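Visitor: First to last, the protein sequences are chains W and U.
Per my numbering, the very first residue in the first sequence carries number 74; after that it's consecutive.
Per my numbering, the very first residue in the second sequence carries number 74; after that it's consecutive.
Mixed in with the good hints, there may be bad ones.
If several chains are the same, the list does not tell them apart, and a pair holds so long as it fits within one copy or across any two.
[Claimed, not checked] Here are the simulated SDA-like pairs of lysine to any residue, each with C-alpha atoms no more than 25 Å apart in a straight line: (1) K193 / L146; (2) K81 / A158; (3) K81 / A160; (4) K193 / A158; (5) K181 / M100; (6) K193 / A99; (7) K81 / P157.
If you are wondering where the hints come from, they were derived from the structure by calculation, not from laboratory data.
Note that this is a predicted model, so its numbers are computed, not measured.
There are 2 protein chains.
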Amino acid sequence: MDRIPILKMGRFLLVTIQVDMHDEMAMTLQEDLTSRIVTDRAQGVLIDISSLEIVDSFIGRMIGNIAGMARLLDAETVLVGMRPAVAITLVELGMSLAGVRTALNVDKGMLMLQNAQREKSA
Amino acid sequence: MDRIPILKMGRFLLVTIQVDMHDEMAMTLQEDLTSRIVTDRAQGVLIDISSLEIVDSFIGRMIGNIAGMARLLDAETVLVGMRPAVAITLVELGMSLAGVRTALNVDKGMLMLQNAQREKSA
């Protein structure tokens, strides 16, 4: 597999990261995702990392970058399914993922994005 | 990675198959999915195979089995994101996936499950 699939769910995009990513794959994901946000007129991005047992600083930085790019394209990013051990590692690495919202699971993340949309249009 | 994540989306479960599965992984997926259908009281299962460039008879049979098990647990299965080449291979292998519904993408598959639910409760 050379790229991570991006699934459209209504007005949002869902990315499930299941494999350890190397540099090239991460770059491809950033490019695919930003162009999909524009072509699908997505208003939010959900990134599920429930499969990842380890998140290193490379992946942490990539998630931060994706959230920053999505924000510039007027889409919110919610990171879902983080394991407790991953949260510990990220803080120990000094990565607080400022600007990235998190939720327990996809259901809750979706709700968060819907509420954010409602506030925006209110 | 030893298991494929199962994401809960409202009353449905979503499985995104991104990697080539070996026997053990397929067995784990069947076990995980059937128990999740019961514990989450799921009414439908979406299986996304948009990442798969090749589907062999092993994966084809597994998808058929999952749909059969889900049906016994009163949940419908919709297979989404099949590539044209995969459809050709499956028919050439003599696997028509009888009893498995298909949809172009997750959005359309979700709509199909929602309509099926509505008819059921009507």
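Visitor: All hints are to be evaluated individually against the structure, with a verdict given for each.
Guide: Do the hints match the structure? See the list:
In this assembly of identical chains, the alpha carbons of K193 and L146 lie at most 25 Å apart only when taken from the same copy (15 Å versus 41 Å across copies). Only between protomers do K81 and A158 lie at most 25 Å apart by alpha-carbon distance; the minimum there is 22 Å, versus 29 Å within a single protomer. Taking the closest pair of Cα atoms, K81 and A160 come within 25 Å of each other only across two copies (21 Å); inside a single copy the shortest separation is 27 Å, beyond that limit. Taking CA atoms no more than 25 Å apart as the test, K193 paired with A158 passes in neither setting, with 34 Å inside one copy and 42 Å between copies.
Taking the shortest Cα distances, K181 and M100 never come within 25 Å of each other, neither inside one copy (28 Å) nor across copies (29 Å). For the homomeric pair K193 and A99, neither the shortest alpha-carbon distance inside one copy (30 Å) nor that between copies (43 Å) is at most 25 Å. With identical chains, the CA atoms of K81 and P157 are at most 25 Å apart between copies only, with a shortest distance of 19 Å across copies and 28 Å within one.
The structure fails to meet hints 4, 5, 6 from the earlier list, while all remaining hints are met.
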